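According to the UniProt record's numbering, the residues represented by the sequence shown are 1 to 164, in order.
Hints in this document: simulated from the structure, not taken from any laboratory. What you are looking at is a predicted structure, and each value in this text was computed from that prediction instead of being measured. No residue lacks a Cβ here, since even glycine has one placed at the ideal position from N, Cα and C. Certain hints may be false.
Have a look at the derived ranges for each label pair, beta carbon to beta carbon [said to hold, decoys possible]:
id	residue 1	residue 2	range
1	Asn154	Asp127	39 to 45 Å
2	Trp130	Ile27	18 to 24 Å
3	Trp152	Leu8	20 to 26 Å
4	Arg113	Leu148	27 to 33 Å
5	Gly70	His153	27 to 33 Å
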Amino acid sequence: MRYCIISLVALIIFLADQLTKFWITHIIPLYSSINVIPDFFDLVNIRNRGAAFGFLNRSDIEWQFWLFLGATFWAIVIIFFLARSAHSNERFLFWGLGCILGGALGNLFDRLRIRAVIDFLDFYIGDWHWPAFNVADIAICCGGFLVLISMWHNEKIKRNTIKE
1 MRYCIISLVA LIIFLADQLT KFWITHIIPL YSSINVIPDF FDLVNIRNRG AAFGFLNRSD
61 IEWQFWLFLG ATFWAIVIIF FLARSAHSNE RFLFWGLGCI LGGALGNLFD RLRIRAVIDF
121 LDFYIGDWHW PAFNVADIAI CCGGFLVLIS MWHNEKIKRN TIKE
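Build the full structure now, drawing on both the sequences and the hints.
Here's what the structure looks like:
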């Protein structure tokens, strides 16, 4: 059951990520934007060759592609190791791992296809912009949060078991 949950969540996230990126690239020209909420939120069509928050987002270096490819591979290996070693009732963990896997695969697909990730959600106040992101990034963050909840919950159960 654990692999069914992880796989189904990952598939839904991957499809949502790729469909939204497909939609954005067909309605907004590259490096353009549509204002949605004035002075707060735009839909944009940009490329990020780096990682979260634009880390290593430089067109003059090529090795970051291989770094992120390797990091994604190891993340997938770790996800399956964690899933295999977890108790079958750890739903938060399985949902979280599915979110992380789906997001990682969505961004990996972009990297393999265009050697960059398509980002399109741009929140800002005045001239200060949060780095643009996408559905895969949201899923990875939410998945990480669910994994932390699972760890906290398991630790709480262990402490209660020891007290008894």
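Discussion item. Please list, smallest to largest, the hint numbers that this structure does not respect.
Written reply: Of the numbered hints, all hold.
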